[in-house]
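Visitor: Start from the sequences and build out the full structure, keeping to the hints where you can.
Counting from 4, one number per residue, gives the positions in the sequence shown under this note's numbering.
Check before you lean on any hint, since a few could be wrong.
Stated by the list, open to error - Between beta-carbon pairs, the in silico distance windows are:
id: 1; residue 1: 103; residue 2: 239; range: 44 to 50 Å
id: 2; residue 1: 302; residue 2: 38; range: 38 to 44 Å
id: 3; residue 1: 150; residue 2: 261; range: 27 to 33 Å
id: 4; residue 1: 154; residue 2: 269; range: 32 to 38 Å
id: 5; residue 1: 126; residue 2: 268; range: 24 to 30 Å
id: 6; residue 1: 157; residue 2: 248; range: 49 to 55 Å
In case anyone wonders, no lab produced these hints; they're calculated from the structure.
Keep in mind that this is a model prediction, so the values were computed, not measured.
C-beta: ideal position from N, C-alpha, C; glycine also.
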Amino acid sequence: MRVFLTGASGFVGRHLLQRLIADGHEVRALVRQPADAQALSQAGAKIVRGDLRDILPWAEAMNDCDCVIHAAALVATWGRWRDFERHNVIATQQLLDAAHYACIPRFLYLSSESVMQGDQPLLGVDESATTHAHLSDYGKSKHLAEQAVLAHSGHMQCIVLRPTFVWGVGCPALETITRRARRGGFIWVDEGRAAFEHIHVLNLVEAICLALQHGQHGDVMLVTDDEQHTVRDFFVPVLATLGAPLPKRSWRLDQLSGLVAGLERTWRTLHLPFPPPINRFELAFVSQPRRYNIQRARQILGYEPVISFREGVGALRNHRPDNR
Numbered sequence: 004m005r006v007f008l009t010g011a012s013g014f015v016g017r018h019l020l021q022r023l024i025a026d027g028h029e030v031r032a033l034v035r036q037p038a039d040a041q042a043l044s045q046a047g048a049k050i051v052r053g054d055l056r057d058i059l060p061w062a063e064a065m066n067d068c069d070c071v072i073h074a075a076a077l078v079a080t081w082g083r084w085r086d087f088e089r090h091n092v093i094a095t096q097q098l099l100d101a102a103h104y105a106c107i108p109r110f111l112y113l114s115s116e117s118v119m120q121g122d123q124p125l126l127g128v129d130e131s132a133t134t135h136a137h138l139s140d141y142g143k144s145k146h147l148a149e150q151a152v153l154a155h156s157g158h159m160q161c162i163v164l165r166p167t168f169v170w171g172v173g174c175p176a177l178e179t180i181t182r183r184a185r186r187g188g189f190i191w192v193d194e195g196r197a198a199f200e201h202i203h204v205l206n207l208v209e210a211i212c213l214a215l216q217h218g219q220h221g222d223v224m225l226v227t228d229d230e231q232h233t234v235r236d237f238f239v240p241v242l243a244t245l246g247a248p249l250p251k252r253s254w255r256l257d258q259l260s261g262l263v264a265g266l267e268r269t270w271r272t273l274h275l276p277f278p279p280p281i282n283r284f285e286l287a288f289v290s291q292p293r294r295y296n297i298q299r300a301r302q303i304l305g306y307e308p309v310i311s312f313r314e315g316v317g318a319l320r321n322h323r324p325d326n327r
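Guide: Structure, rendered in structure tokens:
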């Protein structure tokens with residue numbers, strides 16, 4: 004299979020590229036930075052130099068591909084709406100159009116659980132859960148991009164995967180959380196009792212590869228590690244493995260909610276050029292109860308996790324600098 008891949012230099016993209024090459028697929032990777040191009044070429048990708056904000060110069064490189072996997076995105080907990088709109092919404096719409104004109108039969112969009120995240124718990128829910136009050140501009144932008152993908156009509160089969168928190172060796176989000184924990188900036192909320200969803204990057208890669216084979220037009224599927232964890236269950240072993248201290252105190256959610264909302268309003272009103280100490284999206288990350296039903300992915304794709312939480316933590320331990 005010939006696969007056109009965006010986001011190949013990112014955390015998920017690098018792992019996905021390795022798997023696709025190992026499975027014998029030809030991968031054309033859209034790359035903007037020269038340094039990324041060299042590394043991805045050495046990994047086996049055919050490099051397409053270009054930018055999602057200007058598709059026309061490289062659109063012909065998509066010709067005769069069997070699938071587009073759109074994994075590129077602006078991922079951030081804070082920022083300007085126009086940046087999220089440009090990178091996540093408009094770029095997706097333009098890539099869809101280019102794939103359509105190139106007669107590519109399949110388009111797989113990597114979305115996010117954030118499209119469902121409002122101010123309510125998400126317990127026992129499936130892909131039908133919706134919100135009209137997204138906690139972040141990132142979530143809103145992914146929701147609008149999802150809608151564009153699912154609204155596409157024509158020959159191209161469009162499929163959406165919604166991963167939860169993606170973790171594993173080399174995860175930049177875990178590196179950020181670890182740095183915060185070392186500075187005392189990572190906290191428990193309500194003792195870390197909230198149900199917490201996550202997906203190891205290798206499990207996400209497995210789901211993507213299955214979706215290439217079995218996904219049909221209009222399929223939207225949540226994918227997780229399917230482990231019944233709380234925030235504390237996840238972060239105690241992960242932070243310990245990464246050599247970071249655990250939070251020494253816990254805050255009640257009702258203590259923080261109004262404060263954090265007020266911080267956001269102040270930052271937006273004053274147009275401050277740096278992020279607030281914490282925002283509602285970050286607070287929800289460690290406090291909003293989330294437990295998803297992934298039966299659709301199981302039934303449609305035959306998805307089952309290929310690496311357990313215990314094995315994933317072991318891999319983190321083995322890749323620590325002091326263990327190499």
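Visitor: Please write out, lowest number first, the hints stated earlier that are contradicted by the structure.
Guide: none
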